Structures are given as structure tokens and as C-alpha cells.
Amino acid sequence: MSVYQLNRCVYDWVRAGEVNSHAGTDGRIGFDDSGYELTDDERKAFQARDVASLYQLGLHEVLLNRFCRAAGFARDEYRALLAPLGVKEERRGRWQR
Amino acid sequence: MAEIVLAYCASHAPMMSSARTAASQEQRDHFFGALEHVKQECVARDVQACVFLSNEHFTNFFLENFPQICIGLGEKNWGPTEEWLPIDKTWIPGHPGLANHIAEATLRSGFDPAFSHQLELDHGIMTVYYELDNDMRLPLVPIVQNCAVAPLMPVRRCYEFGKAVGEAIRSYRGLERVAIIGAGGLSHFIGNPRVGDIDEEFDEWFLDHLVRGDLDDVLDIPDSELELAGNGSHEIRSWVAVAGAMAPTNATRLAYEAVLPWITGMAVAEWDPNR
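In the order they appear, the protein sequences are chains A and B.
Heads up, the first sequence is in our numbering, so the first residue is 1 and it goes up one at a time.
Heads up, the second sequence is in our numbering, so the first residue is 98 and it goes up one at a time.
Pulled out of the complex, with its shape left as it was, chain B reads as follows (with noise of 0.2 angstroms):
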């Protein structure tokens, strides 16, 4: 049976890639320090594949069809999406086998996931799986969200999703070593008259929640409330689905930077598999 190795969640702004130096030196130092922190933990740990959780961004699905989660089941992706984001665009690998057990998984425990034979990666996925592997060829099986168009699964939904989906990584029979990784939050605005600002009173609590293991006052949380901390707060929904796959384990918060050229709160935590 695979064993969850590795479980960590970390904000995804683009510009973390396309304007990496407008963030002051001490904030890089700690941001990329802590990811650094996990791929080296990565490699120690050989890791075989990966199963990143982020979220949809009009990239590959549209209002005619937008699902709430889609597991991509293809041998390859292709990313980045984004023509100006700068990371080599090429094919990653996926891993058939586990993403359809855990499609099956899922299926089975009461969620209905669509999937995709082929998906594109944008910056959500691309930024930090390229800062875990930069030669982007460890196999990474993506799990898409919705954290964009109404209506949106429910937060708490997300963390049962993910409770599921640990469920079903760690009784895949065809590997051994498996990391879970969130991409995306925390607050942020986007497209909207407040873009640029940042709640790091928001960013800290979620923070704490987490560190605590006391996520109910999150879970409960209703959407119009939650974005009161910017529309990109819906984000939180890889990091609780994370959360949920590793629980009753807590995380461990690495980084947390308030990055206003990158317009986002930046963090970084991880979840101890041992523990």
C-alpha cells in the first residue's frame, strides 16, 4: 500500500515566478526557504509521484461546464498555460494508476469527481510543482477545483473530499511513495476594485486553525463571509482538502509572508506523516 510521505500546502501567486524579485529579499529568503525545506524532504523521502490539489481558473473549463472537481487521469498535462508565466512549457507526467484509483476511491466513498484525459496546468499547479521539481519530471496526478463560479462545494465538502481522497492514496497498491500538496490562498483579490489588498488578519487565523487542528470555525464558514478576506479566499479549499486527507494530524506553519507586490498572503505549512 502507498504511504502518504510528504503533505504541505503553498500559496501559488504567478508572480512568485514572473516577478520573483519585487518581493523583498527576507520575504523570499522565508517563502522559498520553506520550499526548499519540502523538496529537499521530497527528495530524502523518494518521493514516486504526487497528487496536487488547486483550484480552476478559466483554464480548462467554462461556463457551459464547470465542475467542482476534476481528477486528471492522462499519462501527460501540458503547463504551463499561461504564455508569459515563466516556466519551460513542456508535457508533465502524470500517473494513470493512482488517479484513477483515486477517481474509483471517490467514487465509491460518495463523491461524484468528473475527470479529464488531458488537462492543462496554469500557474496554480505550475508555480509550486516547479519549485518542487525543476525538472518537472516527477509524476503529478491533478485534482482541479472550484473556487471560482458560484455555486461552490462547501467548504467543509472539501475537507471530506480530501479525507477521501488520503482514503484512497493510501490503499493504491502501485506505489509506495506518495506526496499530497495544496496550491493556492491565501487572501488575495483579484479582477475587482480591491485587488492588491491583502487580509492578513484572515491569513493568520486560517494559519492558526490549522496549526491547531481546530478547523470547525473554518469548515463552517459560508462563502459570502469568506470573501470578505478577497475572491482568491476560496482558495483555502486545496489547503483544508490537504488538511482533511492528513487528519487528526496538524499542520506545521513554515512561512507566512504578506507579499503586497505579489498581492497575496504567502504561506507555506506542511503536515508530519510520522506524527
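Looking at chain A on its own, in the form it has when it is part of the complex (with noise of 0.2 angstroms):
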């Protein structure tokens, strides 16, 4: 089991519901996540939508932003899940004076 089957896995779910979406196709219903290895925490997880344990178990940061789109996650909803995980930044760049 690794991090990639759960990144593999919301990739599927991701796509499923946009392949053929102008045909009014929703291939997310019924989606069978049984044959990916995850462990129990990823599928639970991926199964409750659960956007905060998702980024916590190193789901990708651009496809955890298409999952929340695709699952109807508002912006201000997301954020609202996921801000209490930040880290206080102590680097500056460049461009900061």
C-alpha cells in the first residue's frame, strides 16, 4: 500500500465523473473503490469525503482541489476544513521587503 493507490484512486473518481459529462453520464455513481489498496483510514477517507484526513494523508494538493470541486465542496467550505492544518511560515521570498 502507498500514498500513490489514494492518489490513483481520487484520480479515478476525479476523471469518471468528467469523461463523457456532455452526455449527461455521471460515472462516479456506483464507483467501486474495492480494488485499490488503501488503508483503512485512506478509505474511509475517500468514503466520508473527508477533505481534512485526505490532505493529511498526503493526498496531492491539485487533485485534492479537483475533488472538493467535484464533491461539491464550496471554497469557503474547504478552507474552512482545511485552514486549522496550516503551519506558520518563517521563510520570506525574494519579492518580500
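Rather than coming from a laboratory, the hints here were simulated on the basis of the structure.
Take these hints with a grain of salt, some might be off.
What follows is a set of in silico ranges between Cβ atoms, one per label pair, in the way DEER data are often shown [stated by the list, open to error]:
| id | chain 1 | residue 1 | chain 2 | residue 2 | range |
| --- | --- | --- | --- | --- | --- |
| 1 | A | GLY24 | B | ARG205 | 42 to 50 angstroms |
| 2 | A | ALA83 | B | ARG253 | 48 to 56 angstroms |
| 3 | A | ARG94 | B | GLU201 | 32 to 40 angstroms |
| 4 | A | GLN47 | B | ARG350 | 44 to 52 angstroms |
| 5 | B | ASP311 | A | GLU89 | 47 to 55 angstroms |
| 6 | A | ALA23 | B | ASP311 | 45 to 53 angstroms |
| 7 | B | GLU172 | A | ASN20 | 19 to 27 angstroms |
| 8 | B | ARG234 | A | ARG97 | 42 to 50 angstroms |
| 9 | A | ALA52 | B | ASP185 | 30 to 38 angstroms |
| 10 | B | ARG142 | A | PRO84 | 22 to 30 angstroms |
| 11 | B | GLY194 | A | ARG94 | 40 to 48 angstroms |
| 12 | A | VAL3 | B | ALA141 | 33 to 41 angstroms |
| 13 | B | ARG270 | A | ARG97 | 45 to 53 angstroms |
Treat the numbers as computed from the prediction; the structure is a model and nothing was measured.
Cβ coordinates follow ideal geometry from the N, Cα and C atoms, glycine included.
Two independent chains are provided; combine them into the complex using the hints.
Here you go:
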């Protein structure tokens, strides 16, 4: 098992809803995650659409963004879920005066 | 030989289409006004085809195989991918002649772009392309860049790649008038605890360097530092590629708005091909 499997599962789920969406089909309905080698925590987080846990489990951030959109979370909703997980950044970029 | 008769870059937050009115009227006037300006230039200059540099968002590629650059060679590409993006889904005409020429020329220049005979175009290209051509009939050569999954092509290498693309376009005999367009950035954070933040200081710094044509400080920036302005800031790679294609011409800033409802620093800049 690896975080790859979690990323793969989420990616396939997101894409299932996009492919042929113009024809009115939604491939996410009935999506089967049993073939993915997920840990119990990963499977539980995916099935529960648990955004904070998916972030903590290492889902790629670009994919998490797409997942949230596809799962129907408004931006403010998922920001509220993720904000408590932030770590204060001490470094400064060269553009910061 | 083809000439680059139009060159510009624009941010591509999907909300510019899906939540257009969430931005203030003033911000919309500035941002879309700039896009209308380049659209009118495109019509006036009778552009025959456009080359679009933007980034991959896990639409065409996944972790098994994630190219740093992929050139769309096909006669057509499908878009937009997202089922929720309010742009009609359709086949976008490609330009295989120009696309193959760019692929061959950049290969000869020392780059190793992947290629695809059919790509899906997500909001990264479709939002900006739609504003350019509401009918979505202008032939489009997509060049998809990796701006998301480490290790990334260094920013300076993207600039050099853009130079090679510019030279390739200018050596193509099959067309006379081509546009080169970059879509992405500027600062934004997605899928992490800072989602919604915009680093206006970074955006101003970046635009200022583009306008002054003083890019060394930008091109040398390591990814770990660039990421301080957001994981979406890696998308400036499309902007620096266009800057490379148009060097030594400097950019002209057309618009910048930190649009909080779109969670992105939204900018438009163009390069005057006659300068």
C-alpha cells in the first residue's frame, strides 16, 4: 500500500465524472474503490469525503482541489476544513520587503 | 515564414467563467477589459492560429507518466474537461502542421517534449481561449507544462524552452500570422490550508520584472521559494516561456487584480511584436 493508491483512486473518481459528462453520464455513481490497495484510514477518508483527512494522508494538493470541486464543496467550506491544519511559515521570499 | 503578431499571458482561474460575477464590477472591468483588448488585436491582426502554453492539472497525465512538456499535435482536442465549467464542450481545432514543426524544432534545440495526438483541454487553456474566441474555431496548438508535480522543470529552462518555441514559430512556412499565449498564475494556493490567499507582493514583483525585462531574479528562483507565493505560483512557467519567446521585448502590463472570490492574482500582460 502506498499514497500512490490513494491518489490513483481519487484521480479515477474525479475523471469518472468528467469523461462523457457532456452526454449526461456520471461515472462517479457506483464508483467501486475495492480494487485500490488503500489503508483503512485512506478508504474511510475517501468514502466519507473527509477533506482534512485526505490532506493529512498525503493526497496531492492539486488533486485535492479537484476532488473538492467534484464533491461539491464550496471553496469557503473546504478552506474552513483545511485552515486549522496550517503551519506558520517563517521563511521569506525575495519579493517580500 | 510565420510572424508572431500577438503575444500575451493571462491568469486562468476557473471561477472567471464559473463565478464571473463573484468578482467586483471594477475588477471584472479591468481584467476582462484587458482580455477584450487582446481579442480585438487578434481580430485586427487576422491571427491564423494560436500556440497556447498552460499547465497540467491531472487532466491528461497521472503519476505513471508525467511529462514536463507535452505538445498537442492532433487535428483536434476536446474541451473543456470539467463538467461544471460553463463553456460549451466541443472539439477545438488543432494545427498539426505548426504543432509538428514546433515539436521537431524544439527537439533539434535540445529539448525533449512529449507529444499527444489528442489532449483534453481543461480550464487552464479553455477559460482564456474562450475569451479570445467565443466561437472556439481559431486553430490552437496546446503545449502543456508540468507546474504541479515535483520534480519540475526549472523556471529558467522554461524560459529557454519558450525561446525555442518562438524561434520554431518564426521558422514555420505554413502560416503567416500566429499568436503565442500563456495561461496560468499568478499567486494562488489550492488544496492546502492557505487556499484563498493571494500574495499581491509576489504578483507585483513578478509583473514588475516582466515589464522591466529584468528576469534573472525570477528565472533563478528555486521551487521551494516560489512556493511561498502558493503552489499555484509554479504556473508562472507559462508566462516566462512567452517572455522567452518574445525576448528581448519587454511585457506591458494590461491588468492586475487580486480577486479574492477567484482565489487568484489575476493579471494580463502583452508583448508588442513590433517593438
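Here's how the hints hold up against the structure:
no., hint, verdict
1, A/GLY24 to B/ARG205: 42 to 50 angstroms, "46 angstroms, holds"
2, A/ALA83 to B/ARG253: 48 to 56 angstroms, "34 angstroms, violated"
3, A/ARG94 to B/GLU201: 32 to 40 angstroms, "37 angstroms, holds"
4, A/GLN47 to B/ARG350: 44 to 52 angstroms, "47 angstroms, holds"
5, B/ASP311 to A/GLU89: 47 to 55 angstroms, "27 angstroms, violated"
6, A/ALA23 to B/ASP311: 45 to 53 angstroms, "50 angstroms, holds"
7, B/GLU172 to A/ASN20: 19 to 27 angstroms, "21 angstroms, holds"
8, B/ARG234 to A/ARG97: 42 to 50 angstroms, "46 angstroms, holds"
9, A/ALA52 to B/ASP185: 30 to 38 angstroms, "36 angstroms, holds"
10, B/ARG142 to A/PRO84: 22 to 30 angstroms, "51 angstroms, violated"
11, B/GLY194 to A/ARG94: 40 to 48 angstroms, "42 angstroms, holds"
12, A/VAL3 to B/ALA141: 33 to 41 angstroms, "51 angstroms, violated"
13, B/ARG270 to A/ARG97: 45 to 53 angstroms, "49 angstroms, holds"
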